[in-house]
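S.K.: Okay, here's what each chain looks like letter by letter:
Number of protein chains: 2
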Amino acid sequence: MTNKKPLILITNDDGINAPGLRKLISLMRPLGEVVVIASEKVMSGMAHAVTIQTPLRVTLVKEEEGYTEYMTNGTPSDNVKLAKYQLLDKKPDLVVSGINHGSNASINIIYSGTMAAVLEATIDGIPGIGFSLLDYDHKADFSHVDEFVQRIVRKVLLEGMPDDIGLNVNIPRASDTPLKGVKVCRQAKARWVEDFDARKDPYGRNYYWMTGNFVNGDPALDTDQKALEENYVSVVPVHVDFTAHKYVEKLNFS
Amino acid sequence: MTNKKPLILITNDDGINAPGLRKLISLMRPLGEVVVIASEKVMSGMAHAVTIQTPLRVTLVKEEEGYTEYMTNGTPSDNVKLAKYQLLDKKPDLVVSGINHGSNASINIIYSGTMAAVLEATIDGIPGIGFSLLDYDHKADFSHVDEFVQRIVRKVLLEGMPDDIGLNVNIPRASDTPLKGVKVCRQAKARWVEDFDARKDPYGRNYYWMTGNFVNGDPALDTDQKALEENYVSVVPVHVDFTAHKYVEKLNFS
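Residue numbers (this note's numbering), protein chains in the order written: chain A, 1 to 254; chain B, 1 to 254.
In case anyone wonders, no lab produced these hints; they're calculated from the structure.
No incorrect hints appear here.
Chain B is nowhere near these chain A residues, computed Cβ spacing over 10 Å in every case: (1) 17; (2) 25; (3) 40; (4) 134; (5) 137; (6) 173; (7) 214.
Restraint ranges, calculated between C-beta atoms of paired labels, are given here: (8) B:181 with A:180: 52 to 58 Å; (9) A:66 with B:180: 52 to 58 Å; (10) B:53 with A:230: 31 to 37 Å; (11) B:67 with A:53: 25 to 31 Å; (12) B:180 with A:60: 49 to 55 Å; (13) B:202 with A:231: 55 to 61 Å; (14) A:22 with B:220: 42 to 48 Å; (15) A:63 with B:216: 35 to 41 Å; (16) A:212 with B:180: 42 to 48 Å; (17) A:150 with B:17: 49 to 55 Å; (18) A:151 with B:60: 51 to 57 Å; (19) A:136 with B:136: 34 to 40 Å.
Keep in mind that this is a model prediction, so the values were computed, not measured.
Where is the CB? At the ideal position from N, CA and C, for every residue including glycine.
Excised from the complex, chain A in its bound form:
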């Protein structure tokens, strides 16, 4: 790292008004030049969706020494692409996303806009870190996260990350018990079992709300779910490769 301040791009999927985003901004401003790009609406559950059917809008919300903030109508993935290719005049040194209100550990990563933004950074070789708190509440208590968020970010700014690798960081909710530390682990093999809430509207037509129960079928000790249960901050190195490599040699359709 040179003496030059690093350029840190911040985004999230809970929208521009989320307290988790404001927390992350406050933790990043002492560490570098900060550009924020966030959606006007909540984009939870948008995963890696990109906007190709409708045009994108960008509003410059705030601009001051070392700090710029944009609001868009796009998804988290759109936002990182807009920043990289349209708004910034240089490549960011780091993309941080969050702090998400709710877990993105285990299977949740695939539904996560927070982590889509991180993966979108890693695709271009930019270090990316997603932070999520295991508390869905809009008024969640973020008071215990500072030390861990800053420790992880400082280390990545100092040492960089291997090409195309991002970090999925999840933090237990605030409690009377202090966090035990940071554990690097793998994504647990868990799933959601959906339970649709079927209702009738005032005109007699059916509609459904998606709800579900989280089921962890992975009792191993080296997973993010296990680390979180034991009150550790979990860190999973992630990349965009869906290939089940051990089956490439085994399958044959000729």
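Here the structure of chain A is known, so what remains is to put chain B in place on it, guided by the hints.
M.R.: Chain B alone, transformed into the frame defined by chain A:
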């Protein structure tokens, strides 16, 4: 496989009126009992998005011996969840998705609703196969795909698939040269370099259309992109694990 007809769930991300969906239905009906669940609108680029901010609607479009068709306002991922947990009274034997108008090879999988539906199946241990044609045209020529789609589906129905593994199948566009066969391969490490088309609306406000150029930075011979370039059908075994396993032991944030 017993003598009982397998239950095949079909979905896509190009919407219920896409010719690629109709082609896939025509190829699956001789092979089993078919249930179709597709979105009323085009859901391209929706990735693994799920609908949690608004309610879901389902319309029964058609019901006859061995065939049922539903239309929804949901994403591909919603549709598979709706079918699994609300509409079907038994677990499908297979989920097939597509035939997508356009490639889902290499990096495209992460933006793909077609492949999200497949992954959603595999999360519950249901074999899933996504079919995509390398032709974005609504009027794309699907005349050369039958043999390959049926060969792959028959084999999976007969032999099953390892738990939590799905298939990402891409098919070169129709040409005078016959397809060379099927190759099992890994996802190429490629990316999109975005080129936003900035315009002004009639009221003088800026807006952007996302466009981009596909860049394959992976010259290896064992990738899906390479197989497709050589006029093979590419098959990549896929699963939902973002962990970059080789870095789990190497990283340390304590």
